[in-house]
Amino acid sequence: GKQEEDKGFNLAVVVPNVVAGSPLYEQMVAGAEQAIKEHPGSSMKVFELGFNQAEWGEKMTSIVATGLYDAVITSNPSMPDICKSIAEQFPMQKFIFVDGYIDGHPQMASFLYNQYEQSYMLGHLSALITKGDMPGSNADLKIGMIVAQEYPVLNKMILPGFKDGAKSVDPSITVDFRIIGNWYDANKASELAGSMIDAGVDVIGVICGGAAQGVFEECGKQGKYVVFWDDVSYSKAPGVIVGSGALYQNRLVYEVITKAIENTLEYGKGQKLNVSDGYVGFVTEDPDYISTVPEEIRIKQKALFESIKSGETVLQTPEL
Amino acid sequence: MKDSRNCSTVQLSGVLVTLAAAAVVVIVSIFILSKTPFSTIYYFFIGPFANKYYLGNMLNSVVPLIFTGLGISFAFKASMFNLGGEGQVYAGGFIAASVALLIPSLPGVIGIFLSLLVAAVCGALIAGLSGFFKMKWNTDELITSFLISNALIYTIDFFITGPMDDPTNNLLATRKIASQYHLLRIFPPSSLNISVIIAILAVIFSFWILFKTNHGYELRLSGLNSEFARYGGINIGKYIFLPMLWSGAFNALAGAVSVLGTTHCCIKGFSNGVGWNGIAVALIARNNPAAVVPAALFFAFIEAGANSAMINADVTIEIASIVKAVIFFLITSRVIYNSFRRKALV
Amino acid sequence: MQTCLEMRNICKTYSINGRTVNKNVDLTVRKGEIHALLGENGAGKTTLMNILYGIIHPDSGEIFINGKKVFIDSPLTANRSGIGMVHQHFRLIDDFTVAQNVVLGMEPRHGLFKFDNTKAEKDVLSVINKNGFKLEPNAKISDLSVGQMQQVEIVKMLYRKADLLILDEPTSVLTEHEIQNLFIRLKKLVKTGKTVIIITHKLKEVKRLSDRLTVLRSGKVVGVRNTADVDESEISRLMVGRTVALKPIKVETEIKEEALKLENVVLKKRRQERPILDNLSFKVFKGEILGIAAVAGNGLSELENLLGGMVRITSGRLLINGQDVTNEGAAVFRRAGLSYVPSDRLKRGSSIESSVRENIILTNHHRFVKKTGEIDSSAADEFSSKLIDNFNIDADPSTRTGTLSGGNIQKVILSRELEHIDGLVVFAEPTWGLDIASSEYIYKKIIEVKSEGAAVVIISSNIEEIINLSDRIIVMHSGEIVCETKNTEDIDAAVIGDYMLGLKNDFSKVTNER
Amino acid sequence: MSNTGFSFPVIHDAIDIMTPFLLAGIGGLVTELSGMLNIALEGLILLGAFFSVIFASITGSLFLGLLFGVITTMFIAFIFGAITIYLKANEFITAIAVNLLATGLTAVISFHFFGTKGNLVFDNFARLPVFDLPALDSIPIIGDIFLGHNIIVYAGWLLVFVFWFVLYKTPYGLRLRGVGLNFKAMSALGLNPKKYRLEAIVISGFTCALAGASLSLNIGAYVPNISSGRGWIALVVIYLGGRTPLGILIASFIFALAESFSNYAQGFINIPADFILAFPYIITVVALVLVSAIKKRQQKIS
Ligand SMILES: Nc1ncnc2c1ncn2[C@@H]1O[C@H](COP(=O)(O)OP(=O)(O)OP(=O)(O)O)[C@@H](O)[C@H]1O
Ligand SMILES: Nc1ncnc2c1ncn2[C@@H]1O[C@H](COP(=O)(O)OP(=O)(O)OP(=O)(O)O)[C@@H](O)[C@H]1O
Ligand SMILES: [Mg+2]
Ligand SMILES: [Mg+2]
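Residue numbers (our numbering), protein chains in the order written: chain V, 212 to 531; chain Y, 4 to 349; chain P, 148 to 661; chain E, 82 to 383.
Among the hints, erroneous ones may be present.
[Unchecked claim] To be clear about the criterion: a stretch of chain E counts as covered by chain Y if any three or more of its residues have a C-beta under 8 Å from a C-beta of chain Y, and this derived list gives those stretches:
id : segment
1  : 162 to 171
2  : 311 to 322
[As the list claims (entries may be wrong)] In silico DMTMM-like links for lysine to aspartate or glutamate, alpha-carbon gap of 25 Å or less:
id : chain 1 : residue 1 : chain 2 : residue 2
3  : P       : Lys287    : P       : Asp263
4  : E       : Lys250    : P       : Glu636
5  : E       : Lys265    : P       : Asp220
6  : P       : Lys415    : Y       : Asp169
7  : V       : Lys483    : Y       : Asp169
8  : E       : Lys275    : P       : Asp241
9  : E       : Lys250    : P       : Glu283
10 : P       : Lys338    : P       : Asp358
11 : E       : Lys265    : P       : Asp358
12 : P       : Lys397    : P       : Glu636
13 : V       : Lys447    : E       : Asp204
14 : P       : Lys261    : E       : Asp204
15 : Y       : Lys55     : V       : Glu266
Since the hints were derived computationally from the structure, they do not count as laboratory data. Heads up, the beta-carbon is just placed ideally off N, CA and C, and yes, glycines get one too.
Please take these sequences and the hints and turn them into a complete structure.
Structure follows, in structure tokens:
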């Protein structure tokens with residue numbers, strides 16, 4: 212679409228699935244809103260593409276085809292692949308991907324989080340807790356992970372990171388990995404958590420959207436622990452969530468959109484964001500974290516975080 | 004009878020009254036749910052026709068609905084209930100993609116034909132299994148087809164995200180099929196492709212089978228009154244099994260043409276709802292293959308209208324589903340349908 | 148005598164097809180009488196009674212019960228006004244017991260919530276005994292004979308304290324003996340002060356039972372008479388508008404080769420000691436009519452199923468035109484030369500949702516199949532039009548069969564079955580529920596079939612019909628043949644009746660070989 | 082505790098898992114016996130889950146939440162039934178409409194009043210009380226299997242009994258089954274069969290609401306789509322259970338056991354999870370086919 216010069220910047224925020232229940236999408240919308248608010252005359256609209264991945268391409272095309280948007284921002288590792296052919300049809304359209312990677316496409320800018328590092332830190336923490344002497348920790352060297360479904364980033368980065376992080380503490384720690392089959396069956400998630408706890412697991416990593424509520428509940432009931440991805444918040448289940456590996460998508464989107472509006476964003480480049488770049492992190496200063504996790508563990512965890520951040524520890528990140 | 008023409012116009016007016024009632028309800032619900040009702044109404048009703056892209060995609064989304072509508076109709080005609088459309092569609096797409104991926108170098112026409120054929124046969128066998136259980140042991144086909152479909156969906160998920168996943172991208176999908184397997188696009192820039200012609204042929208074929216052939220005659224009689232059929236010397240066991248084969252085959256083709264024509268790979272969960280919607284299409288069409296086309300069009304129009312309103316106006320996914328629900332509540336109402344017919348007759 | 152019911156100026160048009168079925172109908176019924184409501188199929192009798200019973204609402208008209216105007220908007224109100232109705236097709240729940248069916252809607256309770264089954268059975272038993280019925284309150288409906296089901300329907304109404312009892316064609320499915328019992332009971336009921344309206348097509352019964360009669364033709368009252376003042380032919384003239392031959396004229400035909408042969412056929416049902424068909428052996432020859440009579444529940448319907456190829460037998464052999472077709476199924480039976488007019492017209496004999504054409508071509512449809520698998524529609528059309536003409540069916544090939552009258556549906560079946568006769572025709576209850584004109588027509592056809600040289604089997608619970616038509620008669624009781632005799636002029640219907648009831652059992656099994 | 086094979090925790094969990102199937106199934110049975118196919122169970126469960134947790138939070142009381150949640154769901158079931166029965170719409174399509182409406186309506190209300198279409202988590206009311214009798218705890222099987230469930234689980238068992246009683250021992254049940262067995266016979270008695278069908282649908286609204294409440298109140302939160310196909314399983318359970326209350330009890334236990342087992346099995350069987358997820362469905366098909374084959378055989382032998 213051709214834009215007339217005097218018109219303000221128009222942004223399409225395209226959410227695969229729906230916004231609700233997904234911290235990353237919520238943050239994307241919030242970050243974009245903030246940037247738009249600070250630039251009078253610019254505007255944005257949020258689109259939800261729904262649960263059927265097969266329709267994402269078509270819906271994205273419809274959005275682009277309106278010709279109304281100077282840029283489309285979206286967040287999901289699969290989106291660059293989906294948008295490649297759309298970009299061919301609409302050579303003027305600019306795309307911005309967060310949590311996705313594509314390099315060398317002149318219409319596209321992308322930012323991929325190093326979720327290996329993020330998961331490594333969470334695995335490390337989980338291992339410390341299962342070995343440690345918190346009230347819920349047991350003697351078994353077992354941690355767990357409950358996910359909604361398998362997907363490439365999970366299999367290639369998150370799960371290996373989680374395992375490697377745990378094994379860096381004690382190579383004999385095993386990860387009990389289970390799947391719900393969807394993103395919303397909280398009761399099944401809670402049953403799974405229950406059966407994992409029965410099997411000796413005391414810390415569970417969860418990546419299962421809305422269904423996570425069931426894990427919080429079950430772990431809360433049984434006095435076990437949860438580590439959580441992508442969200443800065445411990446308050447969803449104080450005392451239960453013992454670690455939160457944050458992606459600062461909110462800030463990233465805010466900065467990127469600001470650049471886009473001010474026309475300083477560099478397209479044609481894919482950036483990988485590591486812990487050292489400041490967009491992938493681990494939340495250490497949260498009061499719930501401090502009050503729940505013993506100082507000894509926090510010190511070790513902080514040490515790991517700082518050393519990854521400073522580049523002292525270099526992790527061999529797998530290719531996506 | 005002598006006034007059969009009159010009768011069909013009366014019938015048509017019954018349909019029109021129902022549609023008008025549905026439209027009124029849609030407009031009222033939009034006024035309640037939307038902050039910009041006029042533009043929402045505009046995009047809902049006009050959006051799907053606004054340009055070639057929307058129009059073509061709407062027409063393209065009619066195609067799988069026609070196939071599932073036919074599939075379910077075939078079963079209904081024989082008084083069989085195929086509740087496993089979802090899994091059969093998914094399996095059809097998966098098998099079509101698998102054939103294309105396993106034999107990537109077949110020449111186009113043969114490859115496409117083979118791929119559709121294998122998909123249809125597999126779909127037929129899947130649904131046929133429920134028919135077989137019913138024929139053999141009188142196991143309720145409604146339930147077995149549903150359960151088998153669910154088990155199948157998980158199994159296919161495994162292959163798509165596991166052994167057949169394309170390692171070079173981050174889609175939950177199989178590798179892309181070779182380009183000679185792609186069905187020819189006929190209405191660029193939309194995805195509309197020659198599968199629409201296959202669908203029309205399928206409608207004609209179904210109509211022919213059901214209403215012109217001996218097979219269809221016996222199938223329909225077995226469905227309408229199986230004791231009468233048996234009395235007349237028809238092997239009714241056969242018409243418990245065969246309709247499920249047809250049903251599964253058509254459902255599988257719905258998936259196969261989506262893969263070969265639209266997505267060019269088997270994406271996880273792509274069948275999302277097509278199987279269910281096929282049941283709705285068949286019921287709206289009262290199991291008549293000829294009426295499946297307008298029913299599927301109507302259905303696709305509602306979806307496309309809701310999508311268009313979603314993209315261009317302030318409607319969200321949920322509101323679209325509420326509007327759709329309201330339409331469903333009325334669309335098969337015999338009271339509304341008859342309200343006009345009665346007056347016309349008296 | 149006091150007037151018990153008065154219906155004035157009743158009009159009813161069915162909105163679905165725009166057909167006016169009752170036109171200014173007046174009906175007066177006196178207290179304590181048995182009033183016959185007569186008319187051809189489709190005359191509007193049932194409709195009128197459904198209006199009285201609150202199932203259908205009239206377009207206009209008034210109803211007075213004992214001189215008081217009433218508005219009957221549902222069967223419940225009808226019950227409250229003392230009206231009870233027994234429908235042509237029973238409205239019973241097969242899975243429930245007699246008592247449960249009877250008390251449904253007025254159940255005795257134990258405490259506040261609990262259904263008191265014991266009391267229900269006791270109450271129902273007392274109604275049964277008081278009125279001289281023979282029923283077990285705890286028997287399941289599905290185990291009853293048709294006659295017993297009808298008793299249940301009547302008991303149901305008596306339990307509801309009905310004073311005016313409507314019986315819609317109560318005798319059409321009953322055997323002679325059951326009819327007699329029914330009539331005795333009805334007369335008893337009338338003596339106790341109840342009133343009865345009865346619909347029937349059998350003029351003998353009208354004479355035998357009723358005090359007065361009202362005749363409907365095309366929805367209009369064409370006559371009200373004291374039964375004593377009219378004879379059967381006059382009634383039939385009132386109904387049809389012409390004289391109807393009440394008895395078919397027999398013709399003699401040369402007896403030829405054997406068309407049907409049963410050898411020691413035994414049919415057992417699960418969990419039943421005694422076979423339903425017990426060692427049946429008989430033959431039927433071309434050119435003769437064999438009548439098979441029995442009281443319902445004695446294997447008659449199983450025999451029908453057997454001859455139609457609809458059940459498998461436990462042992463024995465069945466041959467059609469010399470071909471062994473034992474347990475081969477209907478398709479093989481038909482190929483071997485069977486034509487079969489079943490007793491259940493709607494469930495087995497036709498597909499009411501399908502067009503007349505599709506009904507007519509069944510069993511013949513293979514003849515129109517082209518190499519492509521297509522049915523040659525023009526040939527099928529021509530075929531069905533021809534049959535419609537030949538049999539004077541009041542329909543087009545494309546008419547939905549369900550919209551036809553009972554007589555016309557029966558004609559559709561006849562036309563299909565008689566179009567191509569290959570030696571053997573089985574008629575089961577061929578005139579159930581048909582009016583006299585239609586019955587006359589069917590009888591003519593049966594005689595015609597025989598004189599064209601086919602073997603005919605008539606399975607019927609109507610002795611009169613059997614005696615009027617058959618050359619030879621077999622009587623079954625408890626699944627066994629208890630009598631086999633040539634039908635001569637001097638045959639005694641009462642003796643046949645005794646055999647049917649199992650009162651006489653001195654039959655020595657002489658198979659009449661030729 | 083043990084982590085291998087079949088043992089009591091598997092059964093204990095199965096008893097929790099079966100509750101929504103049991104509840105929705107028993108209500109579905111009532112509609113089924115009245116002669117209608119009810120595929121709206123899924124939507125009704127979702128509505129029940131949503132409204133009970135919402136009202137619990139508004140009133141701050143678990144009991145009132147349950148009460149109003151149930152009433153609201155029954156009201157929606159009433160509308161669904163009235164349209165189906167009195168406007169003579171196709172029951173299958175109107176049921177699909179209920180299922181669609183459930184997802185749409187809950188999201189719209191949720192967004193309008195709580196500002197999110199995602200999880201609604203509440204803390205201002207008590208969790209479902211769990212029934213525990215320390216005295217019985219030590220009894221091996223009883224303690225392990227029958228204790229320590231929330232009250233809705235026990236309510237489910239009670240309701241099976243109540244519905245068995247209502248269906249087979251009361252005049253009402255007699256009439257309701259009569260409607261399903263012979264619609265015309267009932268209207269010939271002036272018993273208004275349509276009314277009974279409508280009531281049957283409203284009853285299914287009642288039990289589905291409880292099923293939904295057991296899901297949302299169990300975790301003190303509403304998660305969009307929390308019913309996750311349980312209504313469909315309930316439908317399966319009705320048929321697998323031979324359309325009797327006791328059969329439904331057994332069938333839902335079998336399915337729940339398969340699911341519970343597959344939950345545990347993920348921990349020690351090394352086959353892809355997708356296959357394990359498919360397992361309960363396969364087991365159920367096999368059970369269904371076996372049951373019908375045995376039935377057929379028995380018919381043949383005797
Ligand atoms: N529900 C209905 N809708 C439309 N037409 C009907 C309906 N019921 C009956 N008719 C038509 O009304 C006419 C009279 O039917 P009715 O049943 O009253 O006749 P009848 O005198 O009882 O006949 P029969 O002796 O065959 O029982 C018939 O032509 C019939 O087709
Ligand atoms: N035996 C039955 N079993 C199940 N459903 C039935 C049965 N009989 C009738 N119905 C359904 O119940 C509804 C009401 O039937 P009823 O005969 O009371 O209505 P009606 O007003 O006479 O129908 P119509 O308008 O078609 O003449 C109809 O939709 C019908 O399909
Ligand atoms: Mg430990
Ligand atoms: Mg009648």
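Status of each hint after checking the structure:
1. 162 to 171: holds (count 6)
2. 311 to 322: holds (count 5)
3. Lys287/P <-> Asp263/P: holds (17 Å)
4. Lys250/E <-> Glu636/P: Violated, at about 59 Å.
5. Lys265/E <-> Asp220/P: holds (16 Å)
6. Lys415/P <-> Asp169/Y: Status violated; Cα separation ~64 Å.
7. Lys483/V <-> Asp169/Y: At roughly 22 Å apart (the allowed maximum being 25 Å), Asp169/Y and Lys483/V satisfy the hint.
8. Lys275/E <-> Asp241/P: holds (20 Å)
9. Lys250/E <-> Glu283/P: holds (21 Å)
10. Lys338/P <-> Asp358/P: holds (13 Å)
11. Lys265/E <-> Asp358/P: With Cα atoms ~32 Å apart, Lys265/E and Asp358/P exceed 25 Å; violated.
12. Lys397/P <-> Glu636/P: holds (11 Å)
13. Lys447/V <-> Asp204/E: holds (11 Å)
14. Lys261/P <-> Asp204/E: Not OK: Lys261/P and Asp204/E at ~43 Å, beyond 25 Å, violated.
15. Lys55/Y <-> Glu266/V: holds (18 Å)
Going through the hint list in order, the structure does not satisfy hints 4, 6, 11, 14.
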